[in-house]
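Residue-level listing of the chains:
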Amino acid sequence: MLDKSNPKAQYGVIRHVGNDTMETSALTEPVLLVLMSLAEQPRHGYSILKDIESMSDGSVQLSTGTLYGALQRLLDDGWIERVEEDNAPRDRRTYRLTSRGRRNLQMEIERMRHLTKLASLRVARKEG
Amino acid sequence: MLTVYCWLLCLYPRSYRHEFGDEMTSVFRDARIELPPALAAKVSFYGREFCGLLSGALCAHFDRVFGPAISFPRFHMQRQFRFPRSTVFLMCMILASVVLAINKAVNIVEQKKGLPLGTTAAWEPMLAALLLTLALIFAVVITVWAVLFATRRTGMHRLENLHTRPEQQ
Chain A
70 MLDKSNPKAQ
80 YGVIRHVGND
90 TMETSALTEP
100 VLLVLMSLAE
110 QPRHGYSILK
120 DIESMSDGSV
130 QLSTGTLYGA
140 LQRLLDDGWI
150 ERVEEDNAPR
160 DRRTYRLTSR
170 GRRNLQMEIE
180 RMRHLTKLAS
190 LRVARKEG
Chain B
351 MLTVYCWLLC
361 LYPRSYRHEF
371 GDEMTSVFRD
381 ARIELPPALA
391 AKVSFYGREF
401 CGLLSGALCA
411 HFDRVFGPAI
421 SFPRFHMQRQ
431 FRFPRSTVFL
441 MCMILASVVL
451 AINKAVNIVE
461 QKKGLPLGTT
471 AAWEPMLAAL
481 LLTLALIFAV
491 VITVWAVLFA
501 TRRTGMHRLE
511 NLHTRPEQQ
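Each protein sequence line maps, in turn, to chains A and B.
When the letters of the first sequence are read in order and numbered with this note's numbering, they come out as residues 70 to 197.
When the letters of the second sequence are read in order and numbered with this note's numbering, they come out as residues 351 to 519.
No lab work stands behind these hints: they were computed from the structure.
Since we're looking at a predicted model, the values are computed, not measured.
Certain hints may be false.
A few chain A residues that face chain B, going by a derived Cβ cut-off under 8 Å, partial list only [claimed, not checked]:
1) Pro111
2) Gly114
3) Tyr115
4) Leu118
5) Gln130
6) Ser132
7) Tyr137
8) Gly138
9) Gln141
10) Asn156
11) Arg159
12) Asp160
13) Arg161
14) Arg162
15) Thr163
Listed next, the in silico SDA-like pairs over lysine to any residue satisfying Cα-Cα at most 20 Å (straight line) [as the list claims (entries may be wrong)]:
16) A:Lys119 to B:Lys463
17) A:Lys119 to B:Ile383
18) B:Lys463 to B:Asn453
19) B:Lys392 to A:Ser123
20) A:Lys119 to A:Arg151
21) A:Lys119 to A:Pro99
22) A:Lys119 to A:Ala108
23) A:Lys119 to B:Pro387
24) A:Lys119 to B:Tyr396
25) A:Lys119 to B:Thr375
26) A:Lys119 to A:Met105
27) B:Lys463 to B:Ala446
28) B:Lys392 to B:Leu358
29) B:Lys392 to A:Asp126
30) A:Lys119 to B:Asp372
31) A:Lys119 to B:Leu358
32) B:Lys392 to A:Gly127
33) B:Lys392 to B:Thr353
34) A:Lys195 to A:Leu184
35) A:Lys119 to B:Ser394
36) B:Lys392 to B:Asn453
37) A:Lys119 to B:Phe400
38) B:Lys392 to A:Glu122
39) A:Lys186 to A:Met176
40) A:Lys119 to B:Ala381
All residues carry an ideal CB built from backbone N, CA and C; glycine is no exception.
I would like the entire structure built from these sequences, with the hints used as guidance.
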């Protein structure tokens, strides 16, 4: 649930670049796409890449360097976690969203929704 | 290409390689298998992968040295300069200290060898040229940015008046 009494907590998504910096900032595109991909189900690295490509109709193709940079930061911040699997090979580990990650993704979606609404209003006002 | 990829992975910090190296190699291998045969697709894929790897390694080293304080992709979108100014000052101090220490060491070596001072300091013109080049680049960047800012083309002015949260309305 979003905290309605605290707008900063609701709209000020914690930057994914640090635990101690509670600054407000939009998520970077790779991070947002990774979170969106994991919101549906736990996935491993290659599956995340393919899902992002499919979500964007092929217009966004992350490199492995970008993907794992984003995954590392999200892991450090506790937004995602590794799924502990028995006999899972070391080169194919699965990631899933934590409750914190899901909450922050919802906040970001709210922020974007508000931004979109604002943009529509301004464009309409200009046209009118 | 897999060999080149593995070689480039060595640019990452060791801890990072230990944690993600196998996975990254595996994902690269899988992605390579599904590559379309067209040459353009291959060039695009390898270009993206190697550029991503280089920038990822750079970010990983920056994160390791300075902490996760810099968000490169959004750097140009931030009104406030997020790189701590105290760090810039400290870096300059460290650079100056290193240069002085090298100079001192060279002098000591020359004294020990009985050479006149300044004989072995042939690297000094190179250092001066490097510093001059960096200063020139810095000056050009600052000038271009100042012109863009003066002509209100940086986008900052628009962002400044943008309210993205309900409480700002």
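### Task
Mind listing which of the numbered hints don't hold for this structure, in increasing order?
Violated hints: 1, 10, 15, 16, 27, 31 and 36; rest satisfied.
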